[in-house]
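> Each chain is listed here by its residues.
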Amino acid sequence: MNIIVCVRRAPKTDARIKAGPDGKNYDPAGVEYDISEYDKFAIEAGLLLKEKLGGKVTAISVGPKDVSRDLRNVIAMGADAATLLVSDAAHDPWATASALAAKIKALGFDIVFCGQTSVDSQSAQTAPILAELLGVPCATVATGLEVADNKATVQREIDGGKREKYVLKLPAVISCQKGLNKPRSASMKGIMNAKKAVIEEIPANAPANLVNVLKMDMPPPRPAGKIVGEGPDAAKKLVELLRNEAKVI
Amino acid sequence: MANDVLVYIEFKDGKPTKAGLQALGAGANLAKSLGGSAIALVAGNGLDAEAATLGAYGAAKTLLASGDAFAQYSPDAVAKLISNQAQATSAVAVLASATSAGKDFLPRAAAISKAGLASDIVDLRAEGGKPVAVRPVYAGKARVSVQASGTLFASLRPNVFPTPAQGGGNTPVTPVTVAFGLADLRALVSEIVAGAAGKLDVAEAEIVCSGGRGMKDPATDGKQNWANLEKLAQTVGAAVGASRAVVDAGWRPHAEQVGQTGKTVSPKLYIACGISGAIQHLAGMSGSKVIVAINKDPQAPIFKIADYGIVGDVAEVIPALTDAFAHALR
Ligand SMILES: Cc1cc2nc3c(=O)[nH]c(=O)nc-3n(C[C@H](O)[C@H](O)[C@H](O)COP(=O)(O)OP(=O)(O)OC[C@H]3O[C@@H](n4cnc5c(N)ncnc54)[C@H](O)[C@@H]3O)c2cc1C
Ligand SMILES: Nc1ncnc2c1ncn2[C@@H]1O[C@H](COP(=O)(O)O)[C@@H](O)[C@H]1O
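Order-wise, the sequence lines are chains A and B.
Read left to right, the first sequence gives residues 58 to 306 (this note's numbering).
Read left to right, the second sequence gives residues 23 to 352 (this note's numbering).
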């Protein structure tokens with residue numbers, strides 16, 4: 058099994074975000090980073106599959122040079138190799154997926170795992186675009202996965218608490234949702250491996266963005282609320298306010 | 023026409039979805055400011071009569087695709103259809119709802135068309151004769167206004183755009199043919215696994231009642247609290263949501279998680295019970311129209327963004343609130 062895992066580095070979810078001097082991108086001052094939350098499920102899916110069927114897990118990221126540190130962590134978790142497609146630009150999902158697709162085609166693949174969405178750009182687009190570019194089937198927001206006989210059976214959540222089941226012929230692209238698995242931490246052996254590992258770094262070959270940011274701003278702050286009261290006695294007053302003041306019921 | 027807006031409308035049980043009508047309304051407004059009209063696109067069999075009614079919600083005409091390829095839902099079929107019709111109509115913008123299906127098929131459609139897609143948008147307008155979409159990023163901590171270099175594809179967050187009032191007459195329905203069948207599709211649903219019957223989804227519900235760690239373990243001392251919360255939800259027609267702490271503890275299914283790594287909700291009323299209000303939770307629900315918080319700690323951060331708060335124990339406040347709602351809604 059040739060397993061590819063797409064890993065994005067994103068500002069930590071509790072980072073303070075404000076618009077930078079260009080008014081289009083966030084100000085990176087003081088921002089700390091981590092691997093985008095859902096990519097941890099993608100990494101785990103790749104490692105579990107390798108443990109079951111054998112093969113090789115390669116992590117790929119498009120990002121600035123220091124993302125190699127995050128890729129080293131993915132090797133510490135158990136990945137066999139990692140490639141950083143180096144770029145400082147703010148790519149849209151089309152451009153990111155194009156850069157990833159070029160490298161993934163060159164590497165060859167049986168299955169590609171992505172996160173279901175990035176926690177920063179929140180586009181939820183890269184996996185399906187990647188699948189189109191690679192010309193292979195795709196299932197998004199997977200919460201269940203079984204791979205056997207060159208087929209992936211994927212369960213995905215749909216609205217109303219229902220789940221859809223898809224059977225995809227490999228190769229395929231799958232985007233991973235929380236609940237699919239429990240991501241592991243790095244092992245001692247993994248950390249030793251990661252120290253010696255060579256992270257391939259090549260310039261990202263990305264086309265121009267199709268979506269262009271005109272400006273970034275902050276959502277209007279919510280007006281200050283009020284404490285209606287204490288304990289169960291406040292319930293009646295609250296319902297009155299919801300009906301007569303807020304007019305939501 | 024180059025100023026027309028194509029809107030794909032999802033149907034459920036033979037009727038257009040509310041989110042679909044909201045997208046249509048937004049599309050009609052955009053088309054108007056660009057000097058074009060809104061074209062509705064529908065896929066499915068036996069929908070002719072219902073498809074015509076979209077005229078009452080702002081569509082100037084309706085395109086209906088039916089046949090073998092749409093007998094069974096496939097994101098690939100819908101994606102191909104949308105991409106084909108985007109080209110056939112030379113639409114300036116292509117819209118759909120950011121439902122779980124919309125988020126799945128629209129990126130594929132945009133990729134086939136090599137067009138830029140703005141996901142999960144909360145505002146849409148014309149600027150200098152071109153569509154501009156606004157979308158939250160960084161878990162709602164910031165927003166970006168975006169334009170596309172060519173046709174703008176956009177998925178619209180449900181419950182943010184108003185549902186258009188019904189008015190006007192039917193549209194003509196034009197059948198569209200597609201040059202593919204089931205056999206040409208890469209991914210087909212093989213089975214639908216039902217969740218709990220009649221369960222409302224947090225992302226679509228108009229009212230959400232969420233519980234946090236303050237509700238306690240449903241297996242032990244929190245059993246009554248969660249039963250009370252279910253009853254409250256039932257009384258007001260709400261979906262039950264949860265904080266991540268509760269989901270990670272295995273108290274509730276992850277489909278209910280609200281927040282940065284859960285679902286983003288924008289109901290008209292969000293009731294947070296025993297939830298502290300961590301930034302990652304706020305990320306998923308601060309777009310709600312009205313927020314109510316119940317927490318025993320008056321210093322809990324959730325009160326900073328709540329419109330109305332009650333300081334108290336969920337064990338006492340939730341049942342009292344259920345009674346008050348039942349009385350008011352009678
Ligand atoms: C990468 C990352 C992603 C995350 N994503 C999410 C996400 O998507 N969604 C999410 O919710 N969290 C998320 N979190 C977790 C988040 O940081 C918080 O840990 C979590 O939201 C806390 O849940 P809580 O409010 O239920 O629990 P707590 O913070 O423990 O709060 C419990 C609250 O209940 C109150 N309380 C206790 N007893 C009672 C009582 N009897 N009556 C009334 N009130 C009572 C307490 O005063 C307290 O305010 C994420 C964290 C990280 C690091
Ligand atoms: N810069 C990137 N490098 C590698 N993978 C990425 C990158 N951006 C997005 N992805 C992958 O695509 C998923 C969805 O991202 P997005 O489309 O931005 O929501 C992420 O969870 C990653 O798996």
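Read the hints as simulated data drawn from the structure, not as lab findings.
Note that CB positions come from ideal geometry on N, CA and C, so glycine has one too.
A hint or two may mislead.
Which residues of chain A face chain B? A few of them, derived with a C-beta cut under 7 Å, are [as the list claims (entries may be wrong)]:
1) E94
2) L105
3) K219
4) K222
5) P240
6) S242
7) M245
8) E287
9) N301
Here are the simulated PhoX-like pairs of lysine-lysine, each with C-alpha atoms no more than 20 Å apart in a straight line [unchecked claim]:
10) K326(B) <-> K283(A)
11) K272(A) <-> K293(A)
12) K283(A) <-> K253(B)
13) K222(A) <-> K136(B)
14) K311(B) <-> K304(A)
15) K294(A) <-> K290(B)
16) K122(A) <-> K304(A)
17) K219(A) <-> K34(B)
18) K40(B) <-> K222(A)
19) K221(B) <-> K326(B)
20) K290(B) <-> K304(A)
21) K238(B) <-> K219(A)
22) K294(A) <-> K152(B)
23) K40(B) <-> K219(A)
24) K294(A) <-> K136(B)
25) K34(B) <-> K293(A)
26) K245(B) <-> K290(B)
27) K136(B) <-> K293(A)
28) K283(A) <-> K290(B)
29) K290(B) <-> K238(B)
30) K136(B) <-> K272(A)
31) K152(B) <-> K81(A)
32) K136(B) <-> K283(A)
33) K54(B) <-> K162(A)
Listed next, the stretches of chain B that the computed footprint assigns to chain A, with coverage defined by at least 3 CB atoms under 8 Å from CB atoms of chain A [stated by the list, open to error]:
34) 68-81
35) 333-342
> Next step is simple, just say for each hint if it's right about the structure.
Right, here's what the structure says about each hint:
Hint status for E94(A) relative to chain B: holds, with the closest Cβ pair at about 5 Å, below 7 Å. The interface hint given for L105(A) is broken, as the beta carbon of that residue sits about 18 Å from the closest beta carbon of chain B, more than 7 Å. For K219(A), the interface hint holds, the least distance from its beta-carbon to any beta-carbon of chain B being 5 Å, beneath 7 Å. A least Cβ separation of about 4 Å between K222(A) and chain B falls short of the 7 Å threshold, and the interface hint therefore holds.
Taken as an interface hint, P240(A) does not check out: its beta carbon lies about 12 Å from the nearest beta carbon of chain B, beyond 7 Å. Here the hint on S242(A) is broken, as its CB sits about 16 Å from the closest CB of chain B, past 7 Å. Interface hint at M245(A): violated, since its Cβ lies 26 Å from the closest Cβ of chain B, which is beyond the 7 Å cut-off. The interface hint given for E287(A) holds, since its Cβ lies 5 Å from the closest Cβ of chain B, which is under the 7 Å cut-off.
Given the 7 Å rule on beta carbons, the hint for N301(A) is violated: about 10 Å separates it from the nearest Cβ of chain B. At most 20 Å may separate the alpha-carbon atoms for a hinted pair to count; K326(B) and K283(A) meet this at roughly 9 Å. For the given pair, K272(A) sits about 44 Å from K293(A) by alpha-carbon distance, which is inconsistent with the 20 Å threshold. Between the alpha carbons of K283(A) and K253(B) the distance comes to roughly 26 Å, so the proposed pair goes past 20 Å and is violated.
The hinted pair formed by K222(A) and K136(B) fails the criterion: a straight-line CA distance of about 28 Å is larger than 20 Å. Restraint check for K311(B) and K304(A): satisfied, since their Cα atoms lie roughly 10 Å apart, inside the 20 Å limit. Between K294(A) and K290(B), the direct Cα distance comes to roughly 19 Å. Compliance with the 20 Å bound is thereby established for this hinted pair. With a C-alpha separation of about 52 Å, the suggested pairing of K122(A) with K304(A) is violated against the 20 Å cut-off.
Of the pairs offered as hints, the one joining K219(A) and K34(B) holds, with about 14 Å between alpha carbons and a cut-off of 20 Å not exceeded. Of the supplied pair hints, the one linking K40(B) and K222(A) is violated, its CA atoms being roughly 25 Å apart against a limit of 20 Å. For the given pair, K221(B) sits about 31 Å from K326(B) by alpha-carbon distance, which is inconsistent with the 20 Å threshold. Straight-line distance between C-alpha atoms of K290(B) and K304(A) comes to about 10 Å, which keeps the hinted pair within the 20 Å bound.
With a CA separation close to 27 Å, the supplied pair K238(B) and K219(A) exceeds the 20 Å bound. Distance restraint check for K294(A) and K152(B): the Cα-Cα separation of roughly 47 Å exceeds the 20 Å cut-off, and the hinted pair is therefore not satisfied. Simply put, K40(B) and K219(A) have alpha-carbon atoms about 19 Å apart, close enough for the 20 Å limit, and the pair holds. Straight-line distance between C-alpha atoms of K294(A) and K136(B) comes to about 54 Å, which puts the hinted pair past the 20 Å bound.
For the suggested pair K34(B) and K293(A), the alpha carbons sit about 37 Å apart, so the restraint of at most 20 Å is broken. About 28 Å separates the Cα atoms of K245(B) and K290(B), which puts this hinted pair outside 20 Å; it is violated. Among the hinted pairs, K136(B) with K293(A) is inconsistent with the structure: their alpha-carbon atoms are about 55 Å apart, more than 20 Å. Our distance criterion of 20 Å between C-alpha atoms is met by K283(A) and K290(B), whose separation comes to about 18 Å.
Using a Cα cut-off of 20 Å, the hinted pair K290(B) and K238(B) is violated, with the two alpha carbons roughly 26 Å apart. Of the supplied pair hints, the one linking K136(B) and K272(A) is violated, its CA atoms being roughly 23 Å apart against a limit of 20 Å. At roughly 19 Å between alpha-carbon atoms, K152(B) and K81(A) fall within 20 Å of each other, so this suggested pair holds. Distance restraint check for K136(B) and K283(A): the Cα-Cα separation of roughly 49 Å exceeds the 20 Å cut-off, and the hinted pair is therefore not satisfied.
A C-alpha spacing of about 44 Å is found between K54(B) and K162(A), which places the hinted pair above 20 Å, so the restraint is violated. Note: the region 68-81 of chain B has 0 residues with beta-carbon separation from chain A under 8 Å; the three-residue rule is not met and the coverage is violated. Counting residues of the region 333-342 of chain B whose beta-carbon sits less than 8 Å from any beta-carbon of chain A gives 7, enough to reach three: the coverage restraint holds.
Hint compliance for this structure: hints 2, 5, 6, 7, 9, 11, 12, 13, 16, 18, 19, 21, 22, 24, 25, 26, 27, 29, 30, 32, 33, 34 are broken, all remaining hints hold.
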